[in-house]
Every structure is written in C-alpha cells, then in structure tokens.
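K.L.:
If you want the building blocks of each chain, they are given just below.
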Amino acid sequence: MIEVLESLVLSLADDELLIGHRHAEWIGLGPILEEDIAFASIAQDETGHAQAYYQLLTDIGLRTPDEYAFRREPSAFRSAHLVELPNFEYDYGLALMRHFLYDAAEQVRLEALRQSCYEPLAGLACRLLREEKYHWMHAQLWIKRLGCSTEEAHSRLQSALNQLLPYAWMLFEELPNEEEIVAAGWMPPSTELHRQWIARITPILEEAHLSLSPPRPDQLLPLQGARRGARSPYFEELYAEMTEVVASDPEAEW
Amino acid sequence: MASLDPRIRRAEPELWHIPPLPLEPLGHWQTYEVFILRTRGSHAQHVGSLHAPDAEMALILAKEQYARRSQCVALWVVPTDSILWTSPEDEDLFLPATDKTYREPQGYLHTRERLNKYRDRLKPSAS
Chain W
1 MIEVLESLVL
11 SLADDELLIG
21 HRHAEWIGLG
31 PILEEDIAFA
41 SIAQDETGHA
51 QAYYQLLTDI
61 GLRTPDEYAF
71 RREPSAFRSA
81 HLVELPNFEY
91 DYGLALMRHF
101 LYDAAEQVRL
111 EALRQSCYEP
121 LAGLACRLLR
131 EEKYHWMHAQ
141 LWIKRLGCST
151 EEAHSRLQSA
161 LNQLLPYAWM
171 LFEELPNEEE
181 IVAAGWMPPS
191 TELHRQWIAR
201 ITPILEEAHL
211 SLSPPRPDQL
221 LPLQGARRGA
231 RSPYFEELYA
241 EMTEVVASDP
251 EAEW
Chain Y
1 MASLDPRIRR
11 AEPELWHIPP
21 LPLEPLGHWQ
31 TYEVFILRTR
41 GSHAQHVGSL
51 HAPDAEMALI
61 LAKEQYARRS
71 QCVALWVVPT
81 DSILWTSPED
91 EDLFLPATDK
101 TYREPQGYLH
111 TRERLNKYRD
121 RLKPSAS
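Going line by line, the protein sequences match chains W and Y. According to the working numbering, the first sequence holds residues 1 to 254 in order. According to the working numbering, the second sequence holds residues 1 to 127 in order.
With the rest of the complex left out, here is chain W (with noise of 0.2 Å):
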C-alpha cells in the first residue's frame, strides 16, 4: 500500500516540479518587468509545492526531497506530459494557456484533497490552496483579459489551447492503482475531477471567446502512460538541465 501512496504523491510533485522550472525559464523574459516577477514568484511557488510534497514521504521513511527530485530515474517520474513540454519560441500566449490550463487542474486536485483520508496530504492541500488562490486569480484574468483584446492575442491563444489541450487534458488520465486511492478516500476518481476541470474552466474561456473542442482519440492516444512512467521526448533534456548540478558534483549543497 505504501508503494500506492507514494505513486499517487510523486503524481502530484512531479507535476509541480516540471511546470516549476519550466515557468522559471520566463525569468528575465517576462513581457514586462512587472509580470516577470510575478510570474517567476508563481514559479517558485510550485517548485515550493513539490518540495512539500516529497516530504510528506520522507516523513513515512522514504527518500528526500533532493534525492525524489534530483537522483531518480526518468521512468520513475509521474508527470503528466503537459508540464514537461519546452517554452517552444517563448510565445507568452502559450505560457499563459498553460499556466491558466494547470492552475485550473490544481484548484480542484486541491480542493478535492482537503478532504483526502490520508491527513498528512489533506493538511497540506489546504496549505497550498493558499497560494493557489493567488495563482488561479493571476491566471484567470490574463485570459479574460487578452482573449478579449486584440485579434493577434486572440489568435495565439486560440492557437496555444488547441496545442496544449490533449496535454491538458491527460492530467486526469487514470492512476496506476486508481481503484486502491479511491477506495481509501485518498483522492476522488480521475473522472470526476476532470469533470470539475471542464467546469472551471469553460466559462472563463468563454468569456474570453475562446473555443474549447474536446481533443480527440488519436491525439491522447500516443500521450498514454505517463503516471505509469512513459516520459515526453522533452524530458531528457529538461532533467539533464535540472541535474546539472548534482551531476558535476554530487556532494554539492544548496
């Protein structure tokens, strides 16, 4: 059961972890200064997270946060692909969506947690859902604000949903073991808050005019099997970056 547990919360850190540093490479690139700092402080928040996470392991006796994040192997991870995809050209229209697309995805994983058998992660959850309120606020008002803009706006956003949906979308692909978690009351099923997803979603797409077509199978299909440990062909290069330092030194502190 523990390996169970621990599959569900490494789903969710390395989540966190991946969609961390890939908004943190916006430092610097930000459209203006003052977004930049927002956004890199929403990028510290979620690496933040991951770290809070790990540790609800390490305090049942499993590895550390440095060990979980730095010094696995890639078929041991558990992200969903979506936060393992590159920046691309650094259309801040595609940031955005994705930004807008997690967030959405985390307030209910959240919100549903609270009430999580498992004490330690609904304890943390409501933590979380503190700085996930900001972050969600951020999010919403971006897209209301520039789908409701200019034309070019618009259409990068347009453009960036219909990339970034079928990703999006396997963030509530079925759990390895899916059937234990719920029957413990650890988290509800991938169905339902997916579900709650579309619903939090759909209106503010709306109002910012934006289409939302479901993707279809043939685009989910090749994206099956990432909470089991297939990994995007983007997440090499990602890692290899993440670990530069422990690779050059793996005595290194930080």
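No lab work stands behind these hints, which were simulated from the structure alone. Mixed in with the good hints, there may be bad ones.
Said to hold, decoys possible - Pairs of lysine to aspartate or glutamate residues, derived as DMTMM-like cross-links and limited to a Cα-Cα distance of at most 25 Å, are as follows:
#: 1; chain 1: Y; residue 1: 63; chain 2: W; residue 2: 192
#: 2; chain 1: W; residue 1: 133; chain 2: W; residue 2: 206
#: 3; chain 1: Y; residue 1: 63; chain 2: W; residue 2: 45
#: 4; chain 1: Y; residue 1: 63; chain 2: W; residue 2: 119
#: 5; chain 1: W; residue 1: 133; chain 2: W; residue 2: 45
#: 6; chain 1: W; residue 1: 133; chain 2: Y; residue 2: 99
#: 7; chain 1: W; residue 1: 133; chain 2: W; residue 2: 151
#: 8; chain 1: W; residue 1: 133; chain 2: Y; residue 2: 89
#: 9; chain 1: W; residue 1: 133; chain 2: W; residue 2: 111
#: 10; chain 1: Y; residue 1: 63; chain 2: Y; residue 2: 12
#: 11; chain 1: Y; residue 1: 63; chain 2: W; residue 2: 36
#: 12; chain 1: Y; residue 1: 100; chain 2: Y; residue 2: 90
#: 13; chain 1: W; residue 1: 133; chain 2: Y; residue 2: 33
#: 14; chain 1: W; residue 1: 133; chain 2: W; residue 2: 179
#: 15; chain 1: W; residue 1: 133; chain 2: W; residue 2: 73
#: 16; chain 1: Y; residue 1: 100; chain 2: Y; residue 2: 81
#: 17; chain 1: Y; residue 1: 100; chain 2: Y; residue 2: 89
#: 18; chain 1: Y; residue 1: 123; chain 2: Y; residue 2: 113
#: 19; chain 1: Y; residue 1: 63; chain 2: W; residue 2: 180
#: 20; chain 1: Y; residue 1: 63; chain 2: Y; residue 2: 81
#: 21; chain 1: Y; residue 1: 100; chain 2: Y; residue 2: 113
#: 22; chain 1: W; residue 1: 133; chain 2: W; residue 2: 25
#: 23; chain 1: Y; residue 1: 63; chain 2: Y; residue 2: 89
#: 24; chain 1: W; residue 1: 133; chain 2: Y; residue 2: 54
#: 25; chain 1: W; residue 1: 133; chain 2: W; residue 2: 218
Add chain Y to chain W, keeping to what the hints say.
P.N.:
Relative to chain W, chain Y alone:
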C-alpha cells in the same frame, strides 16, 4: 466579499468581467500607486507604483511586487492620475508665519503646572 459602504470597491476576481482594452500602437500602460495594510485596521502605507492595463491587473501584479516579503493583509491600488498633488512651489503653504507651537504637543507640556498654580490662587487663604 462586497462592502456595505457604496463608496468602497472591493476585488471579487470570480466576478471580474473585463471590458476590451483600448490599445494604441506603442501605447503605454498607465501607472498605479500601491498601498498596503500591514495589519487589520492599520493605516494604508504607500509602497510604490507599477504599470498595469487596469485596476484589477494592478492589484494582481502589486501582490508580488510589494507584498511578497513583508506582512500584509490588504492592498489598495489607485491610478496615479487620480491623485491630486500640491505643487512644489506651494511648499510654503505649510510653513507657519507666526509661532504656532501651541498647536503642537509641547504646547501642552506645562498645562498641569499652570492649572495647579491657578487653583492655588483661587483657594481662600487659611488665615
């Protein structure tokens, strides 16, 4: 939560409906002045300014610019051009032309002594 005071406009992000933003080519966003309340009921303190397209965005950006490191329970943002300043040439408005120390706390320093002296004078003599 909305305020019962009709003059007070509070942020309710879930209800924000953002009107289209008029944009000019190469146009700049306006600036907002940011104030923070460090504790409930304390005075709002001016902490700086920032660029934003509207008040809602100013509030969102202000949180990370100015409330990230210090204690804060509430934020205000005000468009810079909503603030009416006195002119620097009018600094002399605030300089007294005559001795006004009686308006300052030190003007009241010896009140108790003076009062007692006056009372003594009014006392009927013992003889």
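K.L.:
Hint check: residue 63 (chain Y) vs residue 36 (chain W), CA-CA at most 25 Å. Holds or violated?
P.N.:
Holds. Residue 63 (chain Y) to residue 36 (chain W) sits at ~13 Å (cutoff 25 Å).
K.L.:
Take the C-alpha atoms of residue 63 (chain Y) and residue 180 (chain W), compute the straight-line distance between them, and say whether it is at most 25 Å.
P.N.:
Status violated; Cα separation ~41 Å.
K.L.:
Within 25 Å, alpha carbon to alpha carbon, are residue 133 (chain W) and residue 89 (chain Y)?
P.N.:
violated, 46 Å
K.L.:
Under the criterion that the straight-line Cα-Cα distance not exceed 25 Å, is the pair residue 133 (chain W), residue 54 (chain Y) satisfied?
P.N.:
holds, 20 Å
K.L.:
Under the criterion that the straight-line Cα-Cα distance not exceed 25 Å, is the pair residue 133 (chain W), residue 218 (chain W) satisfied?
P.N.:
Given that 25 Å is the threshold and the Cα spacing comes to 34 Å, the pair is violated.
K.L.:
Are the Cα positions of residue 133 (chain W) and residue 45 (chain W) separated by 25 Å at most?
P.N.:
Given pair residue 133 (chain W), residue 45 (chain W) holds - Cα atoms ~12 Å apart, limit 25 Å.
K.L.:
Decide if the proposed pair is consistent with the structure: residue 100 (chain Y) and residue 89 (chain Y), CA atoms, cutoff 25 Å inclusive.
P.N.:
holds, 22 Å
K.L.:
Tell me if the straight-line CA distance from residue 100 (chain Y) to residue 81 (chain Y) falls inside 25 Å.
P.N.:
violated, 34 Å
K.L.:
Quickly compare the C-alpha distance for residue 133 (chain W) and residue 179 (chain W) to 25 Å and report which way the hint goes.
P.N.:
This hinted pair is violated, its Cα atoms lying about 30 Å apart.
K.L.:
Is the Cα-Cα distance between residue 63 (chain Y) and residue 89 (chain Y) 25 Å or less?
P.N.:
violated, 35 Å
K.L.:
Does residue 81 (chain Y) sit within 25 Å of residue 63 (chain Y), going by the straight-line distance between their CA atoms?
P.N.:
OK: residue 63 (chain Y) and residue 81 (chain Y) at ~21 Å, within 25 Å.
K.L.:
Assess, step by step, whether the Cα of residue 123 (chain Y) is no farther than 25 Å from the Cα of residue 113 (chain Y), and give holds or violated.
P.N.:
holds, 16 Å
Hints 1, 4, 6, 7, 8, 14, 15, 16, 19, 23 and 25 from the earlier list are contradicted by this structure; the remaining hints agree with it.
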